[in-house]
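J.: Chains as they are written, first to last, in the numbering used here: chain A, 3 to 181; chain B, 633 to 769.
Read the hints as simulated data drawn from the structure, not as lab findings. Watch out, some of these pointers could steer you wrong.
[What the hints assert, rightly or not] Below, simulated EDC-like cross-link-like pairs (lysine to aspartate or glutamate); rule was C-alpha separation at most 16 Å, straight line: (1) B:703 <-> A:47; (2) B:703 <-> B:731; (3) B:719 <-> A:130; (4) B:703 <-> B:735; (5) B:719 <-> B:731; (6) B:719 <-> A:131; (7) B:703 <-> A:44; (8) B:719 <-> A:151; (9) B:719 <-> B:739; (10) B:719 <-> B:686; (11) B:719 <-> B:656.
All figures in this text were calculated on a predicted structure; none of them were measured in a lab.
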Amino acid sequence: MGRGVLASTTMTRIRTAIRAYASVDATPLAVVATLDRFARSEAPDDFVTLVYGVLDTAHGRVRLVNAGHLPPVIATMDGTALLADDAASVPLGVPGCRRTEAELHLGPGDALLLFTDGLVERRDRAIDDGLSALLEALRRTGAHVPLDESLQSVVTLMTADGAAEDDVTALVIRRGGTR
Amino acid sequence: MTEQDPVTDQDAAQDWVPIVIAGELDLYSAPDLREQVLKAVNTGRLHIVLDLSDATFVDSSGFAVMVSAYKRVRALDGTMRVVCADKSVLSALRISGLDRVFEVFPDMAAATSEPPSPAVPPAEATPSVHADGSADA
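Could you build all of it, start to finish, from the sequences and the hints given here?
T.: In structure tokens, the structure reads:
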């Protein structure tokens with residue numbers, strides 16, 4: 003979305019719109035379709051990407067739509083980490099592309115990580131290599147450390163090169179219990 | 633246009649306008665691209681080829697200007713194509729879903745091998761949900 007006062011104003015408006023639309027119909031395709039209309043009329047020159055998902059805590063299911071954002075990552079209890087990139091579509095308000103909804107399943111102990119480009123984007127490295135580095139950092143950190151330590155460790159590993167220029171936001175959730 | 637044709641403003645308006653972006657397209661260089669696009673559009677030249685052949689990095693500010701340019705020329709029945717062969721930039725386009733929006737060509741010759749034709753007008757902005765559960769952006 004960019005940086006600065008204008009970008010943060012847009013983000014605030016979009017976030018308010020999400021909350022309002024989700025209170026009417028929270029399903030991902032419905033919310034993002036309405037946001038597309040909102041972005042076209044209210045923020046036509048802004049570039050907004052997002053992942054919107056609904057978590058079913060009882061069954062560990064997440065339904066989500068990805069509008070041009072970096073793919074979420076699933077880190078499983080047994081130490082694998084993979085990109086959830088099968089619902090990729092265009093940034094908000096960009097016409098001419100079909101949106102689809104993905105359904106992810108989190109087993110007991112599995113974690114889902116959402117993040118901004120500052121975590122993986124570097125001028126001297128392809129974004130695919132940044133994503134590979136992130137998966138590796140998650141595997142090295144493992145699923146058995148407390149969640150706050152785990153997230154801190156991943157962010158530290160990813161920014162240790164000191165080359166990060168952008169701000170970094172990362173959100174992780176982990177399903178409780180063991181298999 | 634062939635060499636025999638007199639070059640008139642009308643002809644120029646019907647031809648591709650190349651805009652070259654070299655190096656890094658980011659927060660600092662994106663305004664320059666915006667200027668170049670506006671200049672072309674304001675002089676009635678609505679068929680733009682963004683040449684990213686020598687671009688090494690594009691961040692979200694760069695994509696923002698590209699999307700904005702695309703929307704602008706589409707609204708005026710123009711077209712926009714992108715030339716890019718850099719693996720990193722192509723990956724970034726794919727991850728942001730923009731490889732499905734822009735027509736991307738490996739080189740300038742491929743992008744301009746045919747004269748521009750008026751774009752198909754974008755679908756009306758009322759998103760519809762399809763039988764398979766997907767919806768138009």
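J.: Enumerate the violated hints, using their earlier numbering and listing them in ascending order.
T.: 8
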